[in-house]
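Just so we're aligned: the sequence shown equals residues 130 to 275 in this note's numbering.
It is worth saying that the hints were derived from the structure and are not from the lab. Keep in mind that this is a model prediction, so the values were computed, not measured. Positions of the beta carbon are idealized from the N, C-alpha and C atoms, including for glycine. Be a bit skeptical, because a hint or two may be false.
To be verified - What follows is a list of derived Cβ distance ranges for each label pair:
hint : residue 1 : residue 2 : range
1    : I139      : G255      : 41 to 51 Å
2    : R176      : L250      : 27 to 37 Å
3    : L222      : G163      : 17 to 27 Å
4    : P247      : P151      : 34 to 44 Å
5    : M271      : I139      : 35 to 45 Å
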Amino acid sequence: AASDVYKRQILERSGVPVVPRPTVPAGTELLLDGLIGYGLTGAPTGRVADAIAAVAAAACPVVSLDVPSGIDGTSGEAPGPHVTADTTVTLALVKTGLLTAHGRRAAGTLLLADIGVPPSLYAAMGRPDAAVPFFGRADIVMVPDA
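With the hints as extra help, turn the sequences into a complete structure.
Okay, structure coming up:
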């Protein structure tokens, strides 16, 4: 599509290397996965699916942001290719899908990060005490295995 050509030209003019198929360069020490987060609907396709496959095949540790790419944050299922992270830093509340067997395996070590959600919002969601046990003394806490 014309918009893809335009986006590619912007990247190339900015000095960003554009490769035909996403790859992880040799010697990469750590990957930060933020390709798809909580908003996944259906199986990843196209270049995003290719990027997920490249991350999944990488020989270095992977840290996923919020939810490993390709994992449904609500169900924990993977409708297509997905990342299996060494560590996942999920935000505000643990996503229900990360508490399922498959979601938990894909997440690796699960950390919960405080992103400043006001207590009134937790209360509006019916979780008035949600932030207190998690973030009483820290901005990031480890979620224990169930």
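Hints versus structure:
Taking 41 to 51 Å as the suggested C-beta distance range, the pair I139 and G255 conforms, at roughly 44 Å. Separation of R176 from L250 is about 35 Å and conforms to the stated range, judged on CB atoms against 27 to 37 Å. Judged by the Cβ atoms, the range 17 to 27 Å given for L222 and G163 holds: they are separated by roughly 18 Å. Evaluation of the 34 to 44 Å hint for P247 and P151 yields a pass: the beta carbon distance comes to about 38 Å.
Between M271 and I139 the beta carbons are some 40 Å apart, a value that agrees with the proposed interval 35 to 45 Å.
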